[in-house]
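Model the full structure from these sequences, guided by the hints.
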Amino acid sequence: MNAPLAYRLARRELRGGLRGFRIFLACLALGVMAIAAVGTIRASIQAGLADEGAALLGGDAVVTFTYRFAKPDEAAWMNRISEAVSETVDFRSMAVVPGDDPERGLTQVQAVDALYPLIGTVQLDPDMPLDQAFAGTDRLPGAVIERILADRLALAPGDTFRLGTQDFVLSAILESYPDNSGGSFGLGPRTLVQLDDLSDSGLLGEGTLMDSNYRLDLPEGADLAALQSEAEARFSDSGLRWRDARDGAPGVSEFVDRIGAFLVLVGLSGLAVGGVGVSAAVRAYLAGKTEVIATLKTLGATRGTIFLTYFLQIGILTVLGVGIGLIMGALVPLALSPLIAERLPIPARFTLYPAPLAEAALYGVLTAGIFTLWPLARTEQLRAATLFRDIGDGAAHLPALRYLLAIGLLLAALVGAAVWFSGTALLTLWTTGGIAAALGLLVLAALGVGWLARRFRRAARGRPTLRLALGAIGAQRGETTSVVLSLGLGLTVLAAVGQIDGNLRRSISDELPEVAPSYFFVDIQPDQIDGVRARLEEDPAVRDYEAAPMLRGIITRINDQPAAEVTDHWVLEGDRGLTYSAEPRPGTVVTDGKWWAPDHDGPPQISFSREEAEEMGLSLGDTLTVNILGRDITAEITSFRQVDFDDAGMGFILSMNPAALQGAPHSWISTVYAEPQAEAAILRDLSQAYPNITAIRIRDAIDRVLVVLGGIAAATRYGALATLVTGFLVLIGAAAAGERTRTYEAAVLKTLGAPRGRILRSFALRAALLGLSAALVALAAGMAGGWAVSTFVMETGFTPIWSNALAIVFGGVLTTLLAGLAFALRPLSAKPARVLRARE
Amino acid sequence: MSDPALSLTDVSLSLMGNAGRVDILRDISLEVARGETMGLVGPSGSGKSSLLMLMGGLETATSGRITALDTDITRMGEDALARFRRDNMGVVFQSFHLIPTMTALENVATPLELAGHRDAFDRAQAELADMGLSDRAGHYPGQLSGGEQQRVALARAAAPRPKVLLADEPTGNLDETNGAAIIDMLFGLRERHGATLILVTHAPELARRCDRILPLRDGRMDSGKAATE
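Which chain is which? The protein sequence lines are A and B, in order.
Start counting the first sequence at 1; every next residue gets the next number (this note's numbering).
Start counting the second sequence at 841; every next residue gets the next number (this note's numbering).
Honestly, the hints are just simulated from the structure, not real lab data.
C-beta atoms are modelled at their ideal positions from N, C-alpha and C, and glycine is treated no differently.
Among these hints, one or two may not hold up.
The following label-pair restraints were derived from C-beta to C-beta distances [said to hold, decoys possible]:
| # | chain 1 | residue 1 | chain 2 | residue 2 | range |
| --- | --- | --- | --- | --- | --- |
| 1 | B | P883 | A | R740 | 25 to 35 Å |
| 2 | B | H1033 | A | W451 | 38 to 48 Å |
| 3 | B | D910 | A | R740 | 31 to 41 Å |
This is the structure in structure tokens:
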């Protein structure tokens, strides 16, 4: 191998310009751009969250307790390490506008002290200081609420509303507040009141579902990590939760991280489609270079030198394509930053971030390597003698083993990099495996389409328009494969997303309300539950109701080991609802072990959800330590039972025998299944009788979930669309490459007496048939993917979403028609004599 | 000449090239009788093939008038010309111009299908048999030798029984043996079906087999050398 010579030859060949490489560059640049842009936006959001960590928390750190306020020793420690401590309480409640027909709205109440907000500012409309807003009137304390709730309740500043038994005057609309990291993900809009003003509201009784938050203003330079360690060591079993400015919005940060990782993986499918275009471009380029290669071989160039000559050329073009993609991927988010920032509920700092650009560049280079090595390796197999006789010997040879190994290594490196960068091996392996499977399926489908076209050509005798189309599909295997692959992969992703999203929506929006309760009533005090039961039992429109005591607790230890060290499971993240009952609730299926005796008064026992227990590796006889209101209760798991969350009914992961929990302050929760026309009266009666009770309408909760779901599906769809755009580019490349062939065909057909309309119909039919084939294969693959995810991951069951399927088929046909017809005009308008004589 | 198969009156053809306007043919006037065979001869660049293309409606004259089988094709639209060729003309090229994505049989059947013949494939099969290519019917052009490809092209041109056969150097890409065979077949076809045959050729012995020879030089009829057998 003569590297300097190869370099000089490569340079000379590239002097001809980039003609023929536009699609190569566009495919690579677009794929890299999509990934770089997603990565840049993700990095911008993460940087924004990091910058604004303290503002998002409303303090340098926040200590949270569930169900209770800080105990004296906890408060003393916080006061010792802080310059100031602000206490707030968060809970859900009903905002009620009194009147003959009271309006009610679910709200997330934040009751604050005089120090609030420690960091950041509260923006009100009309503009006023918060303490002035809380001052209210001579008669009533003041409150501020978010605009969406004010609009829903038709409230304007100066109007009165009620929380529990306490009336408030609405002083202003709450425009923005510092600790709003999860604002968009809560169940209700925010209401801010002063903590002292709730003392007569009846809302903060024992067992109320509430969080107390202590925002800490720490001394300059405080070591947050050290303080967190100290807090967790000192109060390890108290249920204390610590967050600080290093990660001001952990939930949001994690959500953005996961969505970002997923979209990068979707972007990889775009890059794979781009790879098909890149490969086709390299094949076409090398096909045009066979004479040059033959001449070089005749002149004595070795196989290695020739390979290196073209490898260097493709390498230089890859660097160029990746460079263009990186520039666009970095600049597009910057250019669109005002628009993006406006739509984001969280802060973002848009600038250049090298890490996501490096990630995108790596993916781009690896993809280009995977898709170009194969055609490049085949330059070695071209023999000078056969080249002069014909362009290519037409036989399909596998590249030499070393190239196959190199391709395998590059592929492994790509998957490894994707796993490393996404941080989620399972999702990455499933996604990349899915892309590879879809590509493999599409290659087989392309071969099958060609085979079918050749087979059915006989049946099309006497219909020359159709026969011509089938003949071209069957004979031009390269174009058929390019079209089916490039269009098919984008449509597969789009079909899968459509089917998963559609089934999830159907399950949540259509089926869930049929089986789910109408309302959840929470915060029912023990002395109120009999009254609630009586109201529900006397109402014939109530089909069913359930009621259970509810506490919240954190599983802190498993078999006396810190729980987090034993396993990593969502059940251990934060506090969970738990209950107690003497006997299994109606419908409960105990799968293993034995339920305690109704009057069991011995050591505490637990019945745990079987599915979650299996995931966490729990067995009968294991002990769990649960921190409830700062008190540890250690109990043995004596039974597993089946817990069904599908119907949004009452499902407790953990239940204990009554004696273990009865003494702890708690409230009750009730689900009500009622005829729709009776719902309003039930809500009115219970709210009037028990103002502290909070009602959560399932339909409203479902709507909130659907909004979030819609956003995720839309983001994924944009990712899939980028894949489709790349696919369209490849289609255009294939159509452009086939233009010369079509021009020739049109000239011969015109000579034989075919009018242009007939030739056009044949070209259109060819494109439409290819599009239809790609779409049908994509639909099958997408539906299979959708079925798998819906059945095994989402567990929603699967019913084909036919509207999406039709759109996929229609889109596939339309896309190929557009690309095909765009390159049919020149063949149709060319003078046959000139075309044919040019080939003489 | 009464009722000629082809009639050209003051026909000129100019094309715009990179170096400006190029006059290909100038003031050509001639008539070809029905059933006549005519050889167009002349040096390279004299305009022989261009004249043949004009006769077949594959090229549009810059000026003058062309009548084929009593139809003025001079200003006919492209699609009307295509239909006219389908019903009346067969064209054979030096480079065969078979459609590469079709088998030999399909290539021959295509003009018959375009003309709406229900028995297109039976007729195409018979035509291939006449050319001695029955066993090659299912082969693609790339799988055939040059001589075989030209025989398929000839079968394709002859299958619709055209009234006019136009052949542009049909032996130009073939060796002597294959070339002679093709010429025999071409003249045999003409004799069997009585078509008018216009033949562009460089070969004097081939031209001499025609009823009339029309020499061209620099785009003009070289009337001084015109010969009639």
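What are the numbers of the hints that this structure violates, sorted from low to high?
Going through the list in order, the structure violates no hint and respects every one.
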